[in-house]
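Last residue of the sequence shown: 901 (the numbering used here), numbering continuous.
The set of hints was computed from the structure by calculation and includes no laboratory data.
The model shown is predicted, which means the values in this text are computed figures rather than measured ones.
Accuracy of the hints is not assured; some may be wrong.
Stated by the list, open to error - Think about it this way: if two alpha-carbon atoms lie no more than 30 Å apart in a straight line, the pair counts; the simulated DSSO-like pairs of lysine-lysine are:
no.: 1; residue 1: K505; residue 2: K872
no.: 2; residue 1: K794; residue 2: K829
no.: 3; residue 1: K484; residue 2: K505
no.: 4; residue 1: K770; residue 2: K872
no.: 5; residue 1: K770; residue 2: K687
no.: 6; residue 1: K794; residue 2: K687
no.: 7; residue 1: K872; residue 2: K829
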Amino acid sequence: MRITPCQAALAAAITLNLLLLLFSHLLPGASPPCRRSRRVADGVPGVTVILRDFDGPEHDVAATARSFAALPGVTVLVASETPPYPPAPLPAGVAVLSLRPELHRPPPRPELAVRTRHVALVPDGARAAPGLLRRMRDALEATTDAKVVAAAVGRRRPRCLEVEVDVKAWTVRYSYADGRSDRRSDHHGDHHDNHHNNHHNDHHNDHHDNHHDDHHDDHHDNHHNDHHDGHHDNHHDNHHDDHHNDHHNDHRGDLCGALDETPAVLLLRTRDLFSLPFPLTVPVSTSLSLQAAARGWRLLLLPSSFPPSPRVSPPRAGVAESRRRALLQRFGIKLEVLPDGSRRWHGCGKDTARCFGTVRAQSPEYLLAGRWTPPCCLRALRLTARHVLAQLEASGVRHWLEGGSLLGAVRHGDIVPWDYDVDVGFYREDVPKCRWLAAVAATGRPLEDPDGFFWEKAVEGEFYRVHFSRTNRLHVDLWPFYVRPGAAVMTKDTWLGHRQDVEFPERFVVPLGTVPFVGVMAKAPNDPRAFLEFKFGPGAIENPEYPNPEVRRLAQDLGNKTVR
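Please build the complete structure, drawing on both the sequences and the hints.
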């Protein structure tokens, strides 16, 4: 069969297209769409620098961004709810990443703007150091012990801390790690080392590290000059020094639970950063440390540092404290126990309302969220209880701990960790002995005593309440009991349907005994165990449970912790 010129041209075109299609699949740089999308999801090599911690008109965002943007393979983003002000002339290629939700825009998705496998959170005023970001990245990939690598900004090195985040107790506990060394041991055991020993160890180790570095560098340089002078070019020397320093730095980092608030660059994998619920919340170092500690992550602090800008001053004390308090409120932290043992409270003063609403079904709001009583509330309850018990004792009012308060006293000498009030029973006929109870009973009006505690008759029935203050309604309930006529049984006029809300033989409170409670010896039934088992049933002391197990059970929240 004869082939026409048109048929030959058509066959040639088809063959050419087939060859082009085949070559496109065989070429090394070609990737199918599925491979390309997976590469984007995993992140591409390089580091994205995010500038987040900057504040006020004295910021140095433009110069900081310019310094890091000059590094090869580094992308710089400025993340903020609003653009830096005064306006900053950002260098080409540096983008502002808006974190503020706006009505007319899609919700912020900062993770979509980061395409690299690693991200570095850089404080304002830092300056790039050649090769240091790369060394931090290499150190992160070389260790299985840490999720975050840090390097200081400036000459002052951050202090290495251990952190315990107790979500149920609304508490963060800090302690100093046991000195700076190359050891990768568990630092949890020495939480009670004093500040003097830590300072001494820091000074000794820093001096030893500097002496070792100088001696090792001199030995290395002399050995290098003796054997290699004239044989290698400057490029080889620089490469060898970089390799030596990288190897040396990789083995000198300290494993920490967190850092103090000294400025530092933090580098981690992008997927880890954006797996956190608050990835870019300020202040960044505190925010990241708390979230990391809650997940058991460790942080590797390298000895290298980034140079600082001489013109940047730290945030104003008031601004820094305000940002920190806002962060802790957002995280639900009410108490910080500092390394020296001092405590920093957040909430529950006499001038602030209590942080939970009216309790219904014997289940406060925090209990339904898997938390126990905020520690600041427990502190206010202890203060109120001690005040009330002292007033009753001084007045000669016969009184005793009741219900859950007696349970807490017998178990561990304190308020039950999830309780929201304190219960005290007393003889109704003794009301006139206490001037505050007598005044409330006579007038029906509440009153505030000279110490700021607020006494009133409860609206729910025939009993009294003493509040921490007129504003803060954490309280002690005072239950007036009397002997039921014709029987040696203690009864009262108001019953709220609680399990322990029952009559009981008077013999339990004649005579009265004592138990340790909230730091004092409190009056109690003479046989606390028998009294509690009479009210709650056998094993009440050894088998703690929430007041309303049908709503929530204690076993749901204990995990690996025990009731203390």
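query = Which numbered hints are broken by the structure, listed smallest first?
reply = Result: no hint breaks.
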